[in-house]
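Protein chains in written order, with our numbering: chain A, 1 to 385; chain B, 1 to 394; chain C, 1 to 229.
Quick caveat, the hints were computed from the structure, so don't treat them as lab data.
Misleading hints may appear alongside valid ones.
Straight-line distance between alpha carbons at most 27 Å, and here's what the computed DSSO-like set of lysine-lysine pairs gives [claimed, not checked]: (1) Lys-17(C) <-> Lys-372(A); (2) Lys-140(C) <-> Lys-372(A); (3) Lys-140(C) <-> Lys-9(A); (4) Lys-335(A) <-> Lys-261(B); (5) Lys-2(A) <-> Lys-372(A); (6) Lys-112(B) <-> Lys-261(B); (7) Lys-19(C) <-> Lys-372(A); (8) Lys-17(C) <-> Lys-14(A); (9) Lys-161(A) <-> Lys-128(A); (10) Lys-60(C) <-> Lys-19(C).
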Amino acid sequence: MKYFRLIWKNAWRKKIRTSLTILSVFVAFLLFALLSGIGYAFRGGVDVADAERLIIIDKISLINPLPMSYMSRVAATDGVESVTHASWFGGYYQEPRNQFGQFPVDPQSYFDMYPEFNMPAEQLEAFKRNRTGAVVGKELADTYGWKVGDRIPLQATIWTKADGSRTWEFDLEGIFSADDARGSTALMLFQYDYFEEARAFAKGTVGWYILRVAKGADPVRVANAIDLQFANSPNETKTSTEAAFAQSFTKQFGNIALIVTLILGAVFFTLLLVSGNTMSQSVRERISELAVLKTLGFGDRTVLGIVLSESILIMLLGGLLGLGLGWLIVQGLAKEMGAFLPGVFLSPAAIAGGVAMMIVAGILAGIFPALKAMRLSIIEALARA
Amino acid sequence: MRGLRQIFAVTWLNLRNLPQRAGSSVVAVIGVASVVLVFAAVLSMAKGFERTLISAGSDDTAIIMRSGSTSELNSGISNDQALIIANSSGVLKDGDTAVMSAELYVIVDLKKKSSKTDANVPFRGVQPGAFAVRNGVTLVEGRMFETGKNEIIVGRAAQQEFEGLNTGSTMRFGQTEWRIVGAFEANGGVSESELWTDVITLQNAYRRGNSFQSVRVRLQSTGSLQELRDSLEADPRIDPDVMSEKEYYSSQAAPLSRFIKLIGYPLTILMSIGAVFGALNSMYSSVSVRGKEIATLRALGFGPISILFSTMIESTLLALAGGVLGGILAYLVFNGFQVSTLGASFSQVVFDFAVTPDLLVDGLYAALIIGAFGGLFPAIRAARLPVAQALREL
Amino acid sequence: MSEILARLQGVSRIYQKGKEKVEVLHELNLEIPKGDFIAIMGPSGSGKTTLLNLLGGLDKPTAGTVNVGGAELSSMSNSQLSHWRSTNVGFIFQFYNLLPVLTALRNVELPLLLTNFNSRERVRRASIALDIVGLADRAKHYPRELSGGQEQRVAIARAIVSDPSLLLCDEPTGDLDRETADEILRLLQVLNREHGKTIVMVTHDAQAADYANRTLHCDKGTLEAREAA
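Chain A on its own, in the form it takes in the complex (with noise of 0.2 Å):
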């Protein structure tokens, strides 16, 4: 745009004020990067959730165990492709406070029902082959450092083995990642056959199912026929999407993301303010320069785009460095945070909304002294000066 200099020249006329004005804005967006990063690990991964993956849970409670025996009944319904398991282990690695997901499963189906884990195919045979094998996602294995061949105990705190004790000791045989950026590797899965063995209760049941619907079926209709299939039994379940299941849990956080909202406006509030207040002051202050340029011809929506482009720009250059050092910042978080809240992201759509409010905000910060400007009598302005 020709009138870039102009706009530019503008901006920076009293260079302290444009500064710290950038620098309110700066925070302003670096804020909104971080807390937008931190908030989609409240989602959960819903925005990961594979629409054709139903959670079969007991219905009274997601920590009843369900019986094995179901599993059949499950992959004869109409609908359902595939069908897997997973239990909840809920111990820690060396210190209480070291808690990550850790699930007895049975590998080769839960591999197959989670095709955007990624793993060596020998890793995989590998942990088939051994009872007391392991594989951990890649976020768990950086963070604790581990490789393959290690040997990794676990301290129980809900499952004593029959022996009495509480340490189940396991090989690392794999290590996964994800397609996805997005998809939570923070994961320990291990045989399903030895931790039946080897626990001293609840033989026989497992924690949830997970099953994949067939192509063309409607998950609704499948999820309500394996409902109703066990409807009055001793242990009736809850079969949902993955999505709705992800979701039932961050909605248990009492709407994080209300809070977060109030939190931003509190923070766009202000910055407004002192925006509108730079640029009605730098509006202010030239009043007969702009005059002159309505003298030499410039019209008056050409005045008042002037004086927006100026907001704008002021918004676009501390936002952008914000959002930018934001995204870096919660690259590192999501490593740091990546076992006990993974899926710390910023997402695209989130950068898009930010940007998205910068002009906004440029607009609003801006659109008085605009008004102003373009109504400004030249005839008026020139005779005060």
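On the provided structure of chain A, position chains B and C as indicated by the hints.
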């Protein structure tokens, strides 16, 4: 003394023409107010949560779980073990019976009134001693449940937060129907987020045989905790973790409370930095607007120190005004606001935001610091304004 | 008889000041031939600045018509007037009114931003204008780095850069010392005699008026010619 009088005079002059610089001043005040508001809001969440959890715990009550359990849900105590505990030294006795309650809880799904979404709520089976081992739990509505019947009493906070818990109504969990016969209060402590019934009834309904998860006992005296611990740890038939209830709840509160603080403090610091930039902006603009006045004062003989101090004072007062404003807003809007969130063990804890005096004072400190930083450099610039040039330019 | 560039017929300008109506110009008639250089003198409040504003399309008459270069200014909309000004008029003010954030060259370039010329062409034309006023070596200086006379010359370069036929000057030497004023006035003469610009100059300095071809006196809203002694 002359210096002090000068400072006073210039400051007074400053403040008197503040209305001329209303725009910038208002911006500074609101900037600081929003920092204090957010700070108070976020930390009052942590305080409220802590208060709910910790106030619940008593020093005179010990809670015994299986060793290594990180919470009641993960623990398991057999009936035999419960009897051993009942007969241990250190346990308060009421005549011949130990003042204790062996308990077990499950998680049930209830709908939140506010968002209509599902939430996990603790459904606890207790023994008759449940009221006695806890501080301040009283039945406030209806009556106590009868043993052997599917009857429930609900905590007051749970009743307010979740649907369908009015006294007299019926709840269905799985295949069993339960009747709500009363409500209890516990000083706002964590028990108020729970549903209680007779432990044997619960064991039967959920086929837990006769096992428990935890045992609470009243101690003979606060000092008897160690005695109890020694006695139980020496017994080979039981492998316990023995701690005071207060300690237990503190450890439960710790993760969420720490998390909120982990988010809250950096958030506040970042916002404060933003507020400092805003305050600096306002103060620089204030100094430049006052240029002529400052130059005139200097020409009249007022020393640079008086100019410096008066500017700093202006900045600090504006920030304090913002701090007070933010604190008042926080108190009015957030204090007592009830919310529930996922506590430890996958279950809901209902708590109030607690905007406490010490939080407000902390907020004022933050405001003061912002004011000081926001005023320092502009104040130096004002004091060093080249007088002759300033007078000439105007 | 040379072509008439600007014609005012029956022009009145009345301002509303609260309850009072102030008549600044009263049924004024004026014809300005192309290539003329006229000075307009008169006491404060006599309406001479208003006259200039009307000629430049900055203001509209309450009655009468203003015709400049064939364009009927009194019936044009604001945006039409803006557009017309950019190619037909150049203004020169007492206080220069340069943009402090731009260099001399970029100040001169400003009117060209409203055209379709590309960047190189704009810079070329601006440089030529600066050259005409003798300030080619100051192209990269900011207004604060220039003397009063130099600033006014930059302003003049800006006024001629889009090659308008009419230059309107409001007290162009009001803020300058005698010597510098004379330089500026000589420059205006050059623009008039060698480049054919029609110039209308409002001034209260009789010596400045001498540089013009003829002087008109504006008093109480009317004009009359008065021969210089």
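Looking back at the hints listed earlier, which ones does the structure fail to meet? 2, 8
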